[in-house]
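Undergrad: Residue numbers (our numbering), protein chains in the order written: chain A, 815 to 986; chain B, 29 to 538.
For the chain B half of the interface with chain A, some residues (derived, Cβ under 10 Å), not all of them:
| hint | residue |
| --- | --- |
| 1 | Gly120 |
| 2 | Arg391 |
| 3 | Tyr419 |
| 4 | Phe447 |
| 5 | Glu492 |
| 6 | Ala497 |
| 7 | Ala501 |
| 8 | Ala502 |
Quick look at which bits of chain A chain B covers, simulated, 3 or more residues with Cβ under 8 Å:
| hint | stretch |
| --- | --- |
| 9 | 816 to 828 |
| 10 | 949 to 962 |
By construction, these hints were calculated from the structure, which means they are not laboratory data.
Bear in mind the structure is a predicted one, so any value in this text is a computation, not a measurement.
Glycine included, C-beta positions come from ideal geometry on N, C-alpha and C.
For reference, the chains in residue letters:
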Amino acid sequence: VRVLVTHGSETIPVEVERLDDTGRFRVRLGDGAGAWLEVEAIPAAREPGPATLRLDGATYVVDLVEDRGDLVVTIGARAYRLRAERPDRAAGGGGRGTARRGGQRLIAPMPGRVVTVHVRPGDRVEAGAPLVVLEAMKMENEFRAQSPGVVTEVPVAAGQTVEAGALLVALD
Amino acid sequence: MIVKNERPGPFRKLLVANRGEIAVRIIRACRDAGIRTVAVFSEADRAALHVRLADEAYPVGPAPSSQSYLVIDRLIEVARAAGAEAVHPGYGFLSENAGFARACRDAGLVFVGPGPEAIALLGDKTAARRAAADAAVPLIPGTREPVGSDEEAARIAGDLGYPVLVKASLGGGGRGLRLVAGPGALAGALRLARSEAASAFGDGAVYLEKAIPDVRHVEIQVLADAHGRVVHLGERECSIQRRHQKVIEEAPSSLSDPALRQAMGAAACRLLAAVGYRNLGTVEFLVDPERRFYFLEVNTRLQVEHPVTELVTGLDLVREQLRIAGGAPLGYGQNDVAFRGWAIECRISAEDPAAGFLPSPGRITAWRPPAGPWVRVDAGVYEGAEVPIHYDPLMAKLIVWGRDRAEAIDRMARALAEFGVAGVRTTIPFHAAVMRHPDFVAGRLSTGFVAGAFPGGLPADPPETSRAAVVAAALAAVRRAEAVPPAPVAAAPSPWALAARPGGPRRRAG
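Could you build the full structure based on these sequences and the hints that come with them?
TA: Printed below as a string of structure tokens:
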């Protein structure tokens, strides 16, 4: 079975093969080039995901719940908000998380309110130029260009509320 | 110190004009004192812990605080409708708003805090600096008035010498505050500070102050009753800050000794006595490596970090606030105040220390707070609760006590290791790293500690952990696809709809 897992602006294809009925699988990450990894998963009673995961010699205690269509996976102190879809259903979904080659895509790392948009499509920006100010939890966070480029897309406007994962600015 | 157990009065019902952990803290103090509580909540907080714990709760508006927790008329209206006789503002929101204190007084409600005159005077940071100078309290070089144009600011900053701080005149909690290393960064800092100050405090006025390197932030807790008695409860060390916001506090300070405590305490009491202050207040100082102290500002409210003072003095500060507001005399003097042991507090926020402390709002899917001897958790959340994007990311405060500093650090490290939170990222790993840091352990602290010891926050996630999360999500998707039958065409009727149907089960009246 092939699954597309989206984390922020990154989409990772994962191939999953069930080995038996005791929770043993093998998985391969990436586009068929990576190595197969053996996984042992002990499922939680009511949740869809594993409670304990043995992967590549390490054991992970996993807390996994669904929240608004996302899977929130917490391992130790690290919480990940992921989206996992079968490719047939994801096809044509577009928008959120679709990886694109080249250029920079500034993705909202958290939900918040757009306070200021410093750029417009067509603008040429230097590395470090302020692009967008996003307010969340009472702090204004200024996001800057990581490298020089030309702004190709600004789908947000000041005053707008955005979700985590939303595209703020695209540069080429 | 053993304080006579006197019930605060004379009011019997109090409105808590706040949310989160501090609303819960105030509700607890009221409950302990036999005072009924009235909570208020925005649309984002309908299921919040403070709403669940209060005796009554009323909606005050939409999620943005400017349309709910900051709407004075609405809060007064709720207080009156609910029959509350007093209002506790907590910290943040309207706690240092003189207009709110005045509106309460005009409506015949007891405001648990100082009078509007003292709030207005000390809340204007430039006026407070003048009052401190008049009371012979040493000051940091800086402007005593808000700065006007960027050009004027640049001239003053040049005279003071970089680095300088741009501070909101009505600021607090690190908002509207920027450190400027050199002239090139001044204009940008002024812009951000003014914008943040305008949105947070409704006034974009800012002033400049010289930034002193290697300073410690040490503050004095003061109580002043309505009968002219002013007593201090010693110091709190609050040097562990990030973006000028305190993240770890302790009492006492590893820098302090009885002489310094006495000198700072006397200065703090002198200032608050001079302005006719009443109730609980904090005088903040910066202390340089030579132990010279400079007045920073006065916080005319209960502070986030008040529990560390509670643990070393044995006083319930919210209860003391209620007693003072009710007109009772303190009943003890400076010589009755004694200190025992060491207390440390860590602020547990929904922020990701491995990603530059970006806010991490969301649903808390697991919440397993630590416990055991001398471990206290003041939380405003619970398992299943939502951390909204609209407010401060503080979820809880973890406070421990030990006989000395080393024991308190060990206990904090143990409690942090025990603290389990899932669904959102938290600052717990950051605090754990601080507790192990040799400079922190040795008591070598300064306000630059975090930036120096953890320049980029904590290291990013190890790739194996991220990979395990991706695999777990993929397996969950596979399992879901296998387990879930096709969705039914018609949704099953909700049990609520059944309950409401005639003839269905009903809740008995009363």
